[in-house]
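Peer 1: Letter by letter, the chains look like this.
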Amino acid sequence: MNALHFFKPELLWLLPLALLPFISYGVKQFSFPGLEDWPKDFISNCLRWGVRSLAALTLAALIIAAAAPFTEGGTVTRVGEGSEIVIVLDRSGSMSEALGENDHSRDAKFVSKIEASRKVLLKFMDQRPADTFGVVAFNAAPVRVAPLSADRELAKAALQSAEANSSGFTALNRALAMGLDYFNNRPFTATRLIMLVSDGDAVIEKEDREILKNAFKQTRAKLIWVYVHAGVEKNILDSVIAGENEFISERHLKEAEMNQNVAMNKLFEELDIPYQAFEVNSEAGLQHAVAEVARMTNKPTRYEYRLPRQDYAVYFYLLTMALLGVLIWLKQIEIRAWKV
Amino acid sequence: MAQQPLIHYHVRWRSSGHQPGASHGLVAGIGDQLRSVVMLRDNPDPRRLDLRTSLRDPFENIWVHDFNLNSALKVIVLVDTSASMGYVGKVNRLHVAQEVASQLALSAYRSGDAFGLYAAGETINKQCMLPPKANRGAWLWVNHHFSKIKPQGQHADGLFEAVPYLPQKRCLVFLVSDFRWSAGKLKSLLKKLSHHDVVPVMLQDPAEVDELPKSGIAILRDVETGAGQFVWMRASLREQIADIRAQHVKIVEEASRQYGNKPFLVRGAFSSALLTKYFMERSA
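As given, the protein sequences belong to chains Z and P, one line each in that order.
Residues 1 to 340 (my numbering) are what the first sequence spells out, left to right.
Residues 1001 to 1284 (my numbering) are what the second sequence spells out, left to right.
By construction, these hints were calculated from the structure, which means they are not laboratory data.
Note that this is a predicted model, so its numbers are computed, not measured.
Be aware that one or more of the hints could be misleading.
[To be verified] With a cut-off of at most 20 Å between alpha-carbon atoms, the simulated EDC-like pairs for lysine to aspartate or glutamate come out as follows:
hint, chain 1, residue 1, chain 2, residue 2
1, Z, Lys339, P, Glu1122
2, P, Lys1185, Z, Asp37
3, Z, Lys28, P, Glu1060
4, Z, Lys8, P, Asp1222
5, Z, Lys119, Z, Asp151
6, P, Lys1185, P, Glu1239
7, P, Lys1185, Z, Asp151
8, Z, Lys28, P, Glu1211
9, P, Lys1187, Z, Asp151
[What the hints assert, rightly or not] Covered stretches of chain P (in silico footprint by chain Z; criterion: 3 or more residues with CB under 8 Å from a CB of chain Z, positions within the stretch not fixed):
hint, segment
10, 1060 to 1069
11, 1227 to 1239
[As the list claims (entries may be wrong)] Sample of chain Z residues with no beta-carbon within 12 Å of chain P, all distances over it, derived:
hint, residue
12, Gly26
13, Phe70
14, Pro129
Where a beta carbon is used, it is the ideal one built from N, C-alpha and C, also for glycine.
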């Protein structure tokens, strides 16, 4: 049980006022020529002190009620389900390039990377009904496309409207920062995920890395990089096996350094944040990614939930009203004039 | 002051005063009671000739009747002015006392009697002393002085101080009080006044006897001691109080009887006709 606190403890200094009824009688007084032979009446004597104590109790209850007593509700640990996912979608020029194997045959349908990732993400959203989605799109500057909310239609529409547009520069760090910004001022009730969908054609300056690293730490978000990958490009998984089970050889490391995408993967690892990368160039890759995300987020999130404080003033007010009712009744039966 | 009939007080003893009045006296004078038969030379009033005795006398002396003087009484009012006399219930107790005193003053003057008044609380009130004299304006004096009296004091022992101011010869003394005195006080005062004809006039207020509130709560404050009493009025308590007040009247009656007196009970307002009736009953 928590200790009793008062919202306005200074009002308790008024408590001595509750003794006022013991000074005054509070009942109408009549003079009487002599009381020396008045019959001894036990009930009257009891009532005399009863009325005074009742009045004192009423005052005390009223003052305590005014001081607003409460107990802190304390905190309970709750287990959160589902997760909050902010999709950071790259819509830079390079995302409009074709995805998949270099198939130059005329029958092959041209599918851009962004189109493919849209499809993948929409499917992903369908498979994750319990999650909350938000969308940030970026090329040269990040745009808040859909806020982090339960409004799934909004997020879907935001994804469908995202078209690749070359602007010569990819503001990856600012996009990530904006994505993390979504988590600010929200209670930490679920796993937080930043799902970066990019082909990796971006760099992050060294000072920005520090800022990002801190932001990730503050929001306790995890980063998933869905690497949309064209066949010709260097596969990041050549250098890193996704997830925690990586084994990096010297040779692979050197190769990775030559490749910017690989460098980006490396960069995220250096950020010292929970990080995973998936490459998506097929249905199978998507399934794998969804399963991985499910595994990451199905871990229940424990969080402290502060209970509201328990207010006792209302009970004291009710007590005061009940006592006042009794006092009003006593006032009703009070003798107003000493006559029959 | 409402017009009330005069009080016809009547006493069975003879006053020894030389002032002609309405009641039988002890000294010789003009009266309606034969005192003795004396010789004309001793009482040279031939109108009172006693023919029968004069004819029977072998020495042929002339005898005349001698009568007792119809002499005046001295009416003294002793008023208790302790705090309880200031009680205002259904009537103002001090106003009742004033009414008694002024009616007696008026009646005494009309009967040719002397009227005197002494008021006392814890001590005798020297501002309110009227030595017994035949006084036409005595009732005005009473009204004037009673308006200045503030009843105070927890007892009326000052009445004992008033006793030496009273005439040495027997007179009619009205003792006006509520007799809420401690036990034995009334007896000792009556003992001191035993050579007078004392009429204890006991004032009661219906509001303290039988016209009490039927139910409810209140605080009663003793006007003499200032003590408070929380009361919850109900039927059983009313009965107890009525019994106690009746007991109080009995105690006063018992004390008075030991000195040959009978109290006159005034419940509420004073009625002079009732006092006349009291004297008629007493003399019968």
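Peer 1: Could you run down the list of hints and mark each one as holding or not?
Peer 2: These are the hints, each one checked on the structure:
no.	hint	in the structure
1	Z:Lys339 with P:Glu1122	violated, 30 Å
2	P:Lys1185 with Z:Asp37	holds, 16 Å
3	Z:Lys28 with P:Glu1060	violated, 88 Å
4	Z:Lys8 with P:Asp1222	violated, 44 Å
5	Z:Lys119 with Z:Asp151	holds, 19 Å
6	P:Lys1185 with P:Glu1239	violated, 27 Å
7	P:Lys1185 with Z:Asp151	violated, 101 Å
8	Z:Lys28 with P:Glu1211	holds, 18 Å
9	P:Lys1187 with Z:Asp151	violated, 105 Å
10	1060 to 1069	violated (count 0)
11	1227 to 1239	holds (count 8)
12	Gly26	violated, 9 Å
13	Phe70	holds, 38 Å
14	Pro129	holds, 71 Å
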